[in-house]
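> As you go down the protein sequences, you meet chains A and B in turn. When we follow this note's numbering, the leftmost residue of the first sequence carries the number 101, and every step to the right adds one. When we follow this note's numbering, the leftmost residue of the second sequence carries the number 13, and every step to the right adds one.
Be careful, since some hints might not be right.
One side of the interface only, derived from the structure: several residues of chain A facing chain B at Cβ under 7 Å [said to hold, decoys possible]:
| # | residue |
| --- | --- |
| 1 | T159 |
| 2 | G247 |
| 3 | F252 |
| 4 | A256 |
| 5 | A312 |
| 6 | A316 |
If you're looking for bench data, these hints aren't it; they were derived computationally from the structure. Ideal Cβ positions, reconstructed from N, Cα and C, are used throughout, including at glycine.
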Amino acid sequence: MTEPFIREYRLSPLGDRALVIELGSDASEETALKVRSVTERLLAQPLPGVLDVVPAVCTLALHYDPLRIAAADDAGSAYAALAREVTARLQSMDGIELAQPATFEIPVCYGGEYGEDLEALARTHGLTVEEVIERHSAPLYRVQMLGFAPGFAYLAGLDPKLATPRRSNPRMRVPAGSVAIGGELTGIYPLELPGGWHLIGRSPLRMFDAFAQPPARLSMGDRVRFVPVSMGEYARLAETQK
Amino acid sequence: MSLKVLRAGILSTLQDRGRYGFQRYGMPVGGVMDEHSHRLANLLVGNAEDEATLEFTLAGPRLEFTQTALIAICGGDFAATIGGREVPAARPVLTRAGSVLDLAVCRLGCRAYLAVAGGFDVPVVMGSRSTYLPANLGGFHGRALRRGDELTVQRAPAHLYPALHRALQTAEGFVCPKWSVHANAALLAHDHHRIRFIQGRHFALFSEASRTQFISAEFRIAANSDRMGYRLEGPALSLTEPGEVLPEAVTFGSIQVPPDGKPIVLMANRQTTGGYPLIGEVASVDLPLLAQLPPGDTLRFEPVTLEQSEQLYLQREREMALMREGLRERAKQ
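Chain A on its own, in the form it takes in the complex (with noise of 0.2 Å):
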């Protein structure tokens, strides 16, 4: 018999209506990947019940209807009850194929008055902002994970260099489109929306179209490069978004 793929998990509850599944501890890539695995998984076999599948860094919540779990098994509780099913699940994983991560190039115009902080950020960090640019744009990217906002996506990856924790006076409006750091981490913000993390520049790419299928341009495990452009060059990509 074959290792199984998952060996440790824990299983918690989250409320009376959602089970979270914790898969390590970490921010690792190899975290990452069993996360993305067991929710792939779930996604594709359903368990009957459960309405929304939210993977997260070393972690997966399952957000469920009890009576729907109630009704299918009369002893014990209805978390117990799907905790069995997705225990069942778990050891039934061996390594699982994953489609290889898709790759985006996001053109960002960085600096002006599409990123405010921009210099600011450079001096905090003793750089100039054509080295914050070039940091910047030099990575491929991780998507951590979705949250915070539809279609946000937490990336992993940046330039220890470039690591600034948040300002402690957030932002009531950061514009839609916004390129900025925020800790360890870098991403763009779909919509208009208050927010605490550096800006450094806009992406003129729309990252969420509750029309698309799927919503989100970006998912769990897609891979991203920054691509710098010209304020000519943002308005030209910008015109093919509407």
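Given the coordinates of chain A, work out where chain B should sit on it, guided by the hints.
Okay, now just chain B, sitting in the frame of chain A:
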């Protein structure tokens, strides 16, 4: 049939039971704050429980009906009137074409729900008719109602409450039966609100003193509470070892504690994930009550086990199933 908005109120939006299946894209569930009142209002007018209702907050709208309409109002008490005559809550009301429903300032509770037989005719976006304001999607053009708006109502499938229709022929304004369903308003009459909770995933990370305080202290709902979260004022809660947790999924009723130690109960418009330690989750059966507590009200948390909380939920659902059957029979009379 349509409703003309003569006055919009503070925050009046179309909501249903929320948007499921898209949380993995970061799309919040949203939907009604007080699901119990929303469902009762729909059932009273013969709608499916997930039909959109109009949720209004603190100060209500003023609405004109272009045709005869079967309506119900459940939740907080907004001193509803039609032509100066009080409109009783939590029962079916049949009102004449041209009548104007005035929902004044909330006297008890925080928000209420207006259901209209047939349901509001707005597009389903990502599986729901709920308005999600931050992304301007769903509901009525993705926004709160404004004066001058006209909401179309879908044709009601069945001719319900024939006795009310007969009575309306000789009555002024509107007619309604003497009976009502018991609604949240009764619960709100108490001064001390008890909100039951289950220990959260990070409960053990909190200091012993904080865990004790969480259960024994009184918390006040802060003024800056909204559909996204209820901010609580009370003793500051702290972790045994200061630290951070990795972001993970949250739910309706998750009680998260940011570094300032003041708990926030996540409500309908919560984000899909959060990055603060979770001390507990409110029992699902107590969420409708919590949703009716206005800023300034106080509450205490009372621990229950997951099994107790689930049993309470299933019991509430059994009562709701009986209510559904009972109202179906009543509507034939």
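> Compare the structure with each hint and give your call.
For each hint, the structure was consulted:
1. T159: 5 Å, holds
2. G247: 3 Å, holds
3. F252: 5 Å, holds
4. A256: The hint is violated - A/A256 has no Cβ within 7 Å of chain B, the shortest such distance being about 12 Å.
5. A312: 10 Å, violated
6. A316: Hint on A/A316: holds, closest Cβ of chain B at ~4 Å, below 7 Å.
Of the numbered hints given earlier, the model fails hints 4, 5; all others are met.
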